[in-house]
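Protein chains: 2
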Amino acid sequence: MHPSLLQDSVRGCPKEIPHNEKLLSLKYESLDYDNSENQLFLEEERRMSFLGFKCLEISRWVICGLIGFLTGLIACCIDIAVENLAGVKYYVVKQNIEKFTEVGGLSISLILWAVLNSAFVMVGAVIVAFFEPGAAGSGIPQIKCYLNGVKIPRVVRLKTLVVKVCGVICSVAGGLAVGKEGPMIHSGAVVAAGVSQGRSTSLKKDFKIFEYFRRDTEKRDFVSAGAAAGVSAAFGAPVGGVLFSLEEGASFWNQMLTWRIFFASMISTFTLNFFLSIYNNKPGDLSSPGLINFGRFESDVSVCLLLSSPKPCVISLSTVCLVLNPVFNILNYWLTLFRIRYVHRPCLQVMEAMLVAPLGPDQSEDYPLQLFCADGEYNSMATAFFNTPERSVRSLFHNPPGSYNPLTLSLFTLTYFFLACWTYGLTVSAGVFIPSLLIGAAWGRLFGILLAVWAVPGKYALMGAAAQLGGIVRMTLSLTVIMVEATGNVTYGLPIMLVLLTAKIVGDYFVEGLYDIHIKLQSVPFLHLEAPATSHWLTAREVMGAPVTCFNRIEKVGTIVDVLSNTSTNHNGFPVVMPVAICGLILRSQLIVLLKHKVFVELARSRLTQRKLQLKDFRDAYPRFPPIQSIHVSQDERECMMDLTEFMNPTPYTVPQETSLPRVFKLFRALGLRHLVVVDSENRVVGLVTRKDLARYHLGKHGLEEMQLAQT
Amino acid sequence: MHPSLLQDSVRGCPKEIPHNEKLLSLKYESLDYDNSENQLFLEEERRMSFLGFKCLEISRWVICGLIGFLTGLIACCIDIAVENLAGVKYYVVKQNIEKFTEVGGLSISLILWAVLNSAFVMVGAVIVAFFEPGAAGSGIPQIKCYLNGVKIPRVVRLKTLVVKVCGVICSVAGGLAVGKEGPMIHSGAVVAAGVSQGRSTSLKKDFKIFEYFRRDTEKRDFVSAGAAAGVSAAFGAPVGGVLFSLEEGASFWNQMLTWRIFFASMISTFTLNFFLSIYNNKPGDLSSPGLINFGRFESDVSVCLLLSSPKPCVISLSTVCLVLNPVFNILNYWLTLFRIRYVHRPCLQVMEAMLVAPLGPDQSEDYPLQLFCADGEYNSMATAFFNTPERSVRSLFHNPPGSYNPLTLSLFTLTYFFLACWTYGLTVSAGVFIPSLLIGAAWGRLFGILLAVWAVPGKYALMGAAAQLGGIVRMTLSLTVIMVEATGNVTYGLPIMLVLLTAKIVGDYFVEGLYDIHIKLQSVPFLHLEAPATSHWLTAREVMGAPVTCFNRIEKVGTIVDVLSNTSTNHNGFPVVMPVAICGLILRSQLIVLLKHKVFVELARSRLTQRKLQLKDFRDAYPRFPPIQSIHVSQDERECMMDLTEFMNPTPYTVPQETSLPRVFKLFRALGLRHLVVVDSENRVVGLVTRKDLARYHLGKHGLEEMQLAQT
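In the order they appear, the protein sequences are chains F and A. Counted from 1, the first sequence has number 708 at position 708 by UniProt numbering; the numbering is strictly sequential. Counted from 1, the second sequence has number 70 at position 70 by UniProt numbering; the numbering is strictly sequential.
The hints are simulated quantities; they were obtained by calculation from the structure and are not laboratory data. Backbone N, C-alpha and C fix where the C-beta goes; we use that ideal spot for every residue, glycine too. Check before you lean on any hint, since a few could be wrong.
[To be verified] Stretches of chain A that chain F covers, calculated by requiring three or more beta carbons in the stretch to come under 8 Å of a beta carbon on chain F:
#1 261–267
#2 530–541
[To be verified] Here are the simulated DSS-like pairs of lysine-lysine, each with C-alpha atoms no more than 30 Å apart in a straight line:
#3 K701/F <-> K54/A
#4 K666/F <-> K54/A
#5 K219/F <-> K666/A
#6 K208/A <-> K219/A
#7 K219/A <-> K666/F
#8 K666/A <-> K54/F
#9 K151/F <-> K598/F
#10 K159/F <-> K596/F
#11 K666/A <-> K151/F
#12 K205/F <-> K612/F
#13 K612/A <-> K556/A
#14 K205/F <-> K701/F
#15 K666/F <-> K666/A
Please work from the sequences and hints to get the whole structure.
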């Protein structure tokens, strides 16, 4: 039996997964980027006039505008909420200090501080751990998987969005070493998935609009726009957002789609910028887009110096790349493994989060930093520790030489490094961008100071930040553009690119990127961009699953129900044959809808007036098709026949058995397929290639390796 | 017989083409983006170790670096040559004025001026018209076609590059209303095509390196990098360059490739910047990347004003969009038609170019503008007319309010408008970017002055420039990014995007973009991004060419020679059948090499030691395979048999006959195919879909229209 991708019938808690990076889980479904061009679909498309298509195109633009607007609004809300909550916290602590310091009770204030932080973090951890574990972390690995074509359960639900937004507000206000930028990408994606469908399954509300877009192909397009809008809102980098979506979604390039993604990104940046300017009482001042802003770097000769005096740069960078990045990723890897094994109960997770909370460096926003200093004095340690991470990054970039004590800075870097490493993976919703930037900036500035060759150590800080971030997340093109857009200076492009490239090459030698580590630990069948270089040895015959369960074009209902109910195989796609040659492909979801509406040949004959099944019925059931167990089929009905002709995809893509793996891979990836039928020279079905058959092969240290498949 | 794409055996002079936009020429070959995975190829790939693939990857990076470097260098040479030639011209004229003005001979100076201009233009026109007509124009339409997958004859040859560079220097120095930016894109592409092949067919020099890259797939990847490097050098916009390549090359997105393209772009900008800074005696000052620089726009409240006071903007923009752009494109369309019919002889072409030359506004570079004014006086007309276009654009953007007299400005705009329109399409190598920007900027500033609502009319100028350029070339995403990068301010992104979008929507209503007009007039089978919306009615059965000439796996040499020699069909791809089911696909070029090396079954038996044909033999013949007529096959040899098994692609992509046109289109476009075999349910060949079968259908005013096919 062919172990096609399992439906997510067992909503696996993380603990059930045998976490091992040599395994590939079968519990993840693939998204279907290839339209099932069955008769119903073709009839609908043929009925539609040219004007109809124009209207669809316009709705797509409207939806993208809405996605951008809502994503920008959410970013704005998060920003304002964090600022106000932190404000309340500071106010309480300050009151307390003023009240107690005279009687020598500074320790009371410190305890109060820790208690407040823990309280915030607890709230954040509780909602994530108990209500929606899918909202943990930055959400970027999940969105990467979704754009790659893997359906991660519950990742684009409304509940996830709500928990994510509240969670990130709590964890940032609670002073964890986290950023609010990563979760924006996830939020944007959820907004897109919701808006584009014109209904909310969670709220049981159907607006009866955008029904045409209720399928994987369209939804995925919008989700990529949402992710881009999220990046754009977070970093004020609309082009970076587009490139992020392309880098992750990749291969399904479409000019109109890209243009819409860009539109969503632009609207999102603009919305955030506009509302924040109103909030800050400077309406119309759009000069600081994004949640984070690096401040303006003036282009000067120093950039050239960076390139002409490579020695110190190389030392500084290679230290960061060689030591800090792999250490960060490896530490986090062990920590994640530990968590998966021992910290899988929600209460334990909440407790761990609360354990980290009081350790965190804290944020002050607009509140004075001289908490424990005499008036006018300045504590550089306090600046580094008690500022918001965003501000600290900016200070490290732009403060004049001599602002920082090297000892303080190194202490800060080390502490923050371990804190950030511990924090990423906690059961709170939080991003890793800002902590990485901060560590890198501190490290870079430290080197700038120690080497003392450069007038402006802030530039070292920028390069260090790029190296650290690039080494941890291993994004390349999009990250360069994001950083260039955030610095607002194109001249920095080349050095940033070279730094990111070095960081990636060096980092890849030791360990994978942080997101890839987390994706691997979840055993997700992630498809990389190309087949492994040395896989020309393999052909479709070796990689395909065989034998395949096929249906006849007119099939007995009992057979269909039995096949669908067979939990040991749990296939999702079934070739249709007549009599032996392939004539179509039908999906489990389609069969479920057919069974639910009892589209049987005998019934159609007896009740001639019966309403014909329409595409609408499939769309209404999308995306949560009921399991086969919930559909009752009587013993009489089991003897009926079902005619699949109208509903199957009559022209599935096929390949001969001799096709090499890279060729199969290219076809699969370029068209976003879910099932690829392998046929012999007479067009008889001999096998079926699915995502997991391709994701199984990867390049290890000793050439091509094959991963094991696991049912969970 | 199936009219597959004709080989370019008749190197058609432009006059031979029945220029009609309802025709599709069959004289253009397709590029093959799909590797022919025959046994030779697979054997080579399987022999290659992991290290071998790494080396290949490194060579790709080295080549991209080289492409960037050389493109930057060429841009630098063009810039310096233009400056010096113009300098000599001004010096001569100035000498003359000083000598003759006293005796009242100003007219003599004017004549001298005109003669000098004409001389420059004549040289430029002569080399283009007589030596390499392919170097005419900006070259962007040709590169668009190449990236789209159409092989335009002679477009990436060394000779074209040399003529292009000299031509653009002459035409810019000769004071035509042209820019030197467009030709840079073409130049970059030629550099890429040359460098990546490791040899020059024109110079008969083979460096014996990069032999692996001698096929369409790889070459096209490098050409896209070259085009991006060209954009990057021209506008100092590396990200814009990448997006240009993606927008045009599209659908073959590959992350590593994109990253390499970005690398080439960065290197190119940096090289240009670096060498120009040395030339300008400010080594290391990298603040002005690109051949054109818009000057820094500070972000201020005005951007918000633009968005909050849409009325004047809308008036200004809609005027530009509604009146100027379509008029420009339509006028140029008529002019081009006229030229194709009546000005097709090289001497006539040169004469036309010389006719325009003395009319042109001129350039002064660093020479004083007060030619005819008293010391200290300032002639705004002279500024507009006698400045370099690049400088004029910058002045229009940045000069303080009140610098321009509205009457002068409107006169200038009108004159320049018609001049630019006349100039584009002359037989000189020249770009349309800068003239469009200039017209738009002047127009926008004029409106800014007349409406007088805005403190800074320079912003109107920027928006006008965007609208004009966008309306003429209809690029969207990449143009936004290019303009944002050139202004160096992300805040302008949203308004520029909205303006470009409006210009495109309005413009598309009237007439196509300038480049598309020129592509259509050449009857190029250009594939757009998606199949026409209402084409679900059509299936592969209707669009395919049938019947198809097939070969047996072991075929008689005589049959092959006869088929290849048949000039009335001139097919390029032949399915191989055994006995009736398809078992492979072989290309004309492969058969030619086989015939040339006499790979016959009988000979192989008799001479067992004969060297086996290798991939190298195919690569050596690439890309100029000899015509069949040049291969002598004796009467005895005609009776021999040829075994195609090893050389054919054993796994060509196939589709069933019922596949809808959009589905065929998607497969074709996503994989960059050249031939797609249509089979019946028993895998028998029933038809062949090629580029022209898909390009034939387009959406007209009255729904789906079909173009005629023409043999020339």
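Report task. If any of the earlier hints don't hold here, list their numbers in rising order. Result -> 14
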